[in-house]
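S.K.: Sequence lines, in order, name chains A and B.
The opening position of the first sequence corresponds to residue 1 in the working numbering, with each subsequent residue numbered one higher.
The opening position of the second sequence corresponds to residue 1 in the working numbering, with each subsequent residue numbered one higher.
Incorrect hints may have been included.
[Said to hold, decoys possible] For lysine-lysine, the following PhoX-like pairs were computed, each having C-alpha atoms within a straight-line distance of at most 25 Å:
(1) B:Lys70 <-> A:Lys44
(2) B:Lys70 <-> B:Lys57
(3) A:Lys44 <-> B:Lys104
(4) B:Lys104 <-> A:Lys9
(5) B:Lys70 <-> B:Lys104
(6) B:Lys70 <-> B:Lys56
(7) A:Lys57 <-> B:Lys104
(8) A:Lys9 <-> A:Lys44
Rather than coming from a laboratory, the hints here were simulated on the basis of the structure.
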Amino acid sequence: NAGVTQTPKFRILKIGQSMTLQCAQDMNHNYMYWYRQDPGMGLKLIYYSVGAGITDKGEVPNGYNVSRSTTEDFPLRLELAAPSQTSVYFCASSYGGANWEQYFGPGTRLTVT
Amino acid sequence: TQLLEQSPQFLSIQEGENLTVYCNSSSVFSSLQWYRQEPGEGPVLLVTVVTGGEVKKLKRLTFQFGDARKDSSLHITAAQPGDTGLYLCAGAGGGGADGLTFGKGTHLIIQP
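The following block holds chain A by itself, in its conformation from the complex:
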């Protein structure tokens, strides 16, 4: 049971380039989330999904897109990377229930220069 996995671990992009951050979970969780973490700012929700085929915007969705074709995978797409997207990105999943506990991946550190 690998939990939540993310690839790549590190990436450097040039301004205007695009990339996809991969996220997968093997816990059969319906709910999946993408957060970004900036120094001193906590975690901000980018997008979330309540099941395959269903996604919705979080607090900071601009410049990002997601898809959820399967229960296991929830990739995050960056189009036209900008320096403001330099951050650490975390994917998380949850089974829901009463408490909405989330399980996080190890993160992707992205630098846009």
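Chain A is already provided as a structure; the job is to place chain B on it using the hints.
M.R.: Using the frame of chain A, we list chain B on its own:
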């Protein structure tokens, strides 16, 4: 917009001392969670509190949820260097499906 304020932002103490970290909001949360994050890793869930006034203990860590479910505290007894890390509180709103609201975290350093 729900906000969670954590205090202090930074705390550095000697091994063996006690400490308390606070998480406050003007909003009511259906549940509140505490996570611990180490450098280069994702947050790891420590505990979830659900009922107003609830107290949970995890070895030397004591978590309390306020009676009105708007605030929480984390108390560490006899802190050890292994307790060093970023402590995050996070609240689930009425539904919870749309993600958690995170505080900015408390950076805790326990010096040997």
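S.K.: Take the C-alpha atoms of Lys70 (chain B) and Lys44 (chain A), compute the straight-line distance between them, and say whether it is at most 25 Å.
M.R.: Cα-Cα ~20 Å, so holds.
S.K.: Taken at face value, is the distance from the CA of Lys9 (chain A) to the CA of Lys104 (chain B) at most 25 Å?
M.R.: holds (23 Å)
S.K.: So if I understand the rule, the pair passes when the alpha-carbon distance is 25 Å or less; does Lys9 (chain A) with Lys44 (chain A) pass?
M.R.: holds (19 Å)
S.K.: Quick one, are Lys57 (chain A) and Lys104 (chain B) close enough, alpha carbons at most 25 Å?
M.R.: holds (21 Å)
S.K.: Measure nothing beyond the straight line between the CA atoms of Lys70 (chain B) and Lys57 (chain B); if it is 25 Å or shorter, mark the hint as holding.
M.R.: holds (19 Å)
S.K.: Need the status of pair Lys70 (chain B), Lys104 (chain B): alpha-carbon distance at most 25 Å?
M.R.: holds (16 Å)
S.K.: Has the given pair, Lys44 (chain A) with Lys104 (chain B), been kept, meaning a C-alpha gap of at most 25 Å?
M.R.: holds (10 Å)
S.K.: With a cut-off of 25 Å on the C-alpha distance, tell me whether Lys70 (chain B) and Lys56 (chain B) pass.
M.R.: holds (16 Å)
In summary, this structure violates none of the numbered hints.
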